[in-house]
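S.K.: These are the residues of each chain, in order.
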Amino acid sequence: MKAMTPRTRTPLVLASFPALAGGAAILSGVCAVLTLSCSSTTNTRIGIDAPPFSDQSFGSVGDYLDHRCGSLDCHGQPGRNLRIWGCEGMRLDAGMIPVCNRTVPGGGRTTVSEHQATYRSLVGLEPQVMTEVFNGCNNQLAEAGTALYPPGSSCHPELLTFVQKARGTQAHKGGQLICLTPPCPPAVPNPSYPLMTSGGTVMADPQDVCIVSWLEGATNVAACQQAESIPTYPSDASTE
Amino acid sequence: MRARGLLLVSVPWLLALAACQDAVHDEQVTNLGPEAPGVSPGPDHRPGQPCTVCHGGNGPAKVKFTLAGTVFMDWAATMPAVGAELQFEDANGNTYHVTTNQAGNFYLQPGDWSPTFPVSVPLLSYSSSGGSATTQVMTTNDNRDGSCASCHGLTPSANSPGPIYVKTPGADGG
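Chains as they are written, first to last, in this note's numbering: chain A, 30 to 269; chain B, 1350 to 1523.
Next up, chain A with everything else stripped away, as it sits in the complex:
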């Protein structure tokens, strides 16, 4: 994914020069400043190293994000930095509505275009950090030959702000969503995804496994699907 660098602008500074009496001097100064303000860097592009987009690799991640984070009052709004599109929140197609049931006029499952729009928003949040995290995690995958959870020493998803907010290590208006180790705060589910390790089966948070595995380049679809089954709010809402 490539992103445009923002055009730089020189601030317009108005200053008075008592020694330079006369409008011509002021006028020429203003013109000079205006000329400077029009100069810009060349239209360079920066690259973002991130897990490549495909609906197979990101679709289940996008569905989980839509379910847990993408409601219309949260990240399902165009004004948010992290924007999430999907059938449980903001739709990309103006002819669709936030209803997943396709039998309802305008309703329907999250589309590939919506997954891609969410992906672009997510990987574009912190281009440099995403690049660093993905390269570390992807190298780990290459070396180990398989995704690791918890990740190894070269994979640091915790550097990403969206991971910090979900884990509750940085202030988040939506609160902590992921709990790595019990005891977990009220309304945050206990780790429930079974992971096979050399020491036996341990329970992990399926949301975290989903995100980390995607960053490693080997999405754990089963974990993402289990994460998607976590009720949005309240805990018994799914029984409605």
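Since the hints were made in silico from the structure, they are not lab data. Quick caveat: nothing in here was measured; it's all calculated off a predicted structure. Ideal Cβ positions, reconstructed from N, Cα and C, are used throughout, including at glycine. Be aware that a few hints might be false.
Claimed, not checked - Chain B regions said to be covered by chain A (calculated; three or more residues, Cβ under 8 angstroms):
id: 1; segment: 1485-1492
id: 2; segment: 1500-1508
What the hints assert, rightly or not - Some residues of chain A that are not near chain B, with every Cβ distance over 12 angstroms (derived):
id: 3; residue: Met125
id: 4; residue: Gln145
id: 5; residue: Asn168
id: 6; residue: Ala176
id: 7; residue: Gln199
id: 8; residue: Cys213
id: 9; residue: Ser227
Position chain B relative to chain A; hints supplied.
M.R.: The following block gives chain B in isolation, referenced to the frame of chain A:
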């Protein structure tokens, strides 16, 4: 010299005055349109509109609301749900009950309840005259603002699931 002094004094005031204008808010108010024919400003007016655009403290309404909205009987928002009961719970666990009026509207003023967002709606209940009762739960929190219609617009769209309505058996929609 005197004119120049006057100019120097007046320009900052004009700039300050201009800075007080909120073009975005003004546009939001304008977009609400005029009052419906035969309905005066009051508890029954503008059902289904985002109440806190005007009643949020930035005017033009003088009365401020902390939470306000409308409940309808159907997805098409053709009939108000009169006497529907809503229960709110704020981030601190405080709760408040309110009942809709004859227009389906409800509103809370700061003296009634000033919740800490996010607010959840763990219960919307409605009992018909025939005695059958329905109960619903809003499946997401309200992290946004005090207007239900900020998300629940009168017409379903890419950014709105449509109005709040009483789900009856066989009703369609979301």
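S.K.: Work down the list of hints and note, for each, if the structure agrees.
M.R.: Going through the hints against the structure:
no. : hint      : result
1   : 1485-1492 : holds (count 7)
2   : 1500-1508 : holds (count 5)
3   : Met125    : violated, 6 angstroms
4   : Gln145    : holds, 16 angstroms
5   : Asn168    : holds, 37 angstroms
6   : Ala176    : holds, 31 angstroms
7   : Gln199    : holds, 17 angstroms
8   : Cys213    : holds, 18 angstroms
9   : Ser227    : holds, 40 angstroms
The structure fails to meet hint 3 from the earlier list, while all remaining hints are met.
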